[in-house]
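**Q** Please model the complete structure; the sequences and the hints are all you need to start from.
Residue numbering for the sequence shown follows the numbering used here, starting at 411 and increasing by one per position.
I should point out that these hints are in silico values taken from the structure, not numbers from a laboratory.
Since we're looking at a predicted model, the values are computed, not measured.
It is possible that part of the hints are untrue.
[Stated by the list, open to error] Here are the simulated DSS-like cross-link-like pairs (lysine-lysine), alpha carbons at most 30 Å apart as the crow flies:
| hint | residue 1 | residue 2 |
| --- | --- | --- |
| 1 | Lys607 | Lys464 |
| 2 | Lys470 | Lys424 |
| 3 | Lys424 | Lys464 |
| 4 | Lys607 | Lys575 |
| 5 | Lys470 | Lys607 |
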Amino acid sequence: MAGKARPDGILVPKISSVADLNAIANRLSDINADMSIRVWAMIETSRAVLDADKLAAASKDSETRLAGFVFGPNDISRETRIRMQPGRAAMIPMITHCILATRAHGLEILDGPYGDISNVDGFAVECAQGRDLGFDGKTLIHPSHIEACNAIFTPPAEEVAEARKIIAAFQQPENASRGAIQLDGRMVERLHADMAKRTIAIADAIAAMGH
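**A** Right under this line is the structure:
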């Protein structure tokens with residue numbers, strides 16, 4: 411039914427193997443689901459964490475439609491017996507492992523939801539931690555978290571301004587073929603221009619959702 415509704419994406423729980431991804435792909439193919447529909451895999455089992463690289467590598471096959479992962483801390487906690495404590499220190503190695511897998515294969519990864527809906531401060535702390543660990547966003551279970559989440563994942567205005575400055579510098583004709591330039595007395599590499607484009611894209615996308 412989800413495929414026939416033509417959503418932007420489908421979040422599939424308990425993905426633990428490439429076979430699981432292929433099964434979803436086959437089902438979507440059977441119902442002639444539009445190829446624009448992307449699949450997001452919930453990483454919430456020990457096997458999924460251990461095989462994160464294999465799962466991410468499956469995205470090379472366009473039939474899987476794999477767009478990225480959503481890290482599921484609650485189910486991982488239940489299966490591994492790692493207690494969910496503020497700061498998630500015991501879970502950070504697994505988080506980093508999954509983030510590295512997505513980056514190696516050009517995918518996105520979202521942090522799991524924060525369960526204590528009324529704890530606004532706790533949510534903000536965990537949201538900021540997820541951003542700093544490298545998550546591309548956070549999944550939410552209550553609308554009261556939307557504003558705080560958007561604020562935390564929106565790059566600061568000064569960072570966006572600096573990003574625009576870097577891009578403008580590399581767009582100068584004299585810098586077109588250069589891999590590195592000097593800007594305001596410091597060296598800036600072309601990779602910083604790529605990072606700057608992403609910073610601006612994130613800021614613009616979040617701003618657009620607010621209109």
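**Q** Against each hint, give a clear statement of whether it holds in the structure.
**A** Okay, the hints, checked on the actual structure:
1. Distance restraint check for Lys607 and Lys464: the Cα-Cα separation of roughly 29 Å lies within the 30 Å cut-off, and the hinted pair is therefore satisfied.
2. A threshold of 30 Å between alpha carbons decides the hint, and for Lys470 with Lys424 the separation of about 21 Å falls inside it, so the pair holds.
3. Taken as a hint, the Lys424 and Lys464 pair is honoured in the structure, with Cα atoms around 15 Å apart against an allowance of 30 Å.
4. Proposed proximity of Lys607 and Lys575 is supported: the alpha carbons are some 11 Å apart, at most 30 Å.
5. The straight-line distance between the Cα atoms of Lys470 and Lys607 is roughly 24 Å, inside the 30 Å bound, and the hint therefore holds.
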